[in-house]
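Participant: This is what each chain is made of:
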Amino acid sequence: MGSGMVAASFVVGLDLVQISAIASSVEKFGGRFLDRIYTPAELRYCLLDPDTSAIHLAARFAAKEAARKVLRLEDDAVGWRSIEVERSPTGFCELLLHDEARARAFHVGFVSFSVSMTHEADYASAVVLGERRRSGSPL
Amino acid sequence: MKDDIRAILMEHGRLVRPVETLSDDANLYQAGMTSHASVNVMLALEAKLDIEFPDRMLRRSVFESISAIHAAVFELRTALLRVNVRHEP
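Those sequence lines, one after another, are chains A and B.
Sequential numbering from 222 applies to the first sequence in the working numbering.
Sequential numbering from 625 applies to the second sequence in the working numbering.
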């Protein structure tokens, strides 16, 4: 393969979170937990319906942790709010990276991310797929 | 202060082994602490010790062991003390 060719590789991250454990954190720590972990936009969506807020919060926590695994953070300091789940009006979700998470992603060559979340009974789970591109590396 | 840290780990760490069986340098993640549990531990420490972990300290190594947490808390409290002394008339 000649120079200048672009190869892609993928990194996957998975996380599982107990919904009742997230509800317990909200009960114990309240706004200190919420404001430390979630962006204002995430909180606006998650807290719309008190009956389902813990589910949405848990799924997003799982997505953030799955993204941290994809970023291979090692010992980098990356705040939880620098990884955000954005929900479109159609219900599909995208991952937005800000600040140190964005810088880390750029540093290790990620060009796109995809996120999928689900929940059942007392557990919420998320998978994040990150695409990396390296010029000149073999396919 | 390590007793406070151990008490908070017992309540919030979700460890699979009793905290009293862990040495100060034992790896807490290997003892079952999840990332969510580490957040709870951090928030409980902040409430108990009147400190705040800045984003630069949200690193895996800071919560990796009782010794590491102790070192971080010591650093934060020392910095707080310096600020308070500086503000004295």
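The set of hints was computed from the structure by calculation and includes no laboratory data.
Glycine included, every Cβ here is placed at the ideal spot set by N, Cα and C.
Warning: the hint list may mix true and false statements.
[What the hints assert, rightly or not] Examples of chain A residues lying across from chain B (beta carbon under 10 Å, computed):
#1 VAL238
#2 ILE258
#3 THR260
#4 GLY300
Participant: May I ask you to test the interface hint for ILE258(A) with respect to chain B, counting a Cβ-Cβ separation under 10 Å as satisfied?
Facilitator: Hint holds; ILE258(A) Cβ to chain B Cβ min 7 Å, cut 10 Å.
Participant: Could you check if GLY300(A) really has its C-beta closer than 10 Å to a C-beta on chain B?
Facilitator: holds (4 Å)
Participant: Taking the closest Cβ pair, is THR260(A) under 10 Å from chain B?
Facilitator: Violated: closest Cβ of chain B sits about 14 Å from THR260(A), beyond 10 Å.
Participant: Would the stated hint for VAL238(A) survive a check requiring a Cβ distance to chain B of less than 10 Å?
Facilitator: holds (6 Å)
Hint violations for this structure: number 3 only, all remaining hints satisfied.
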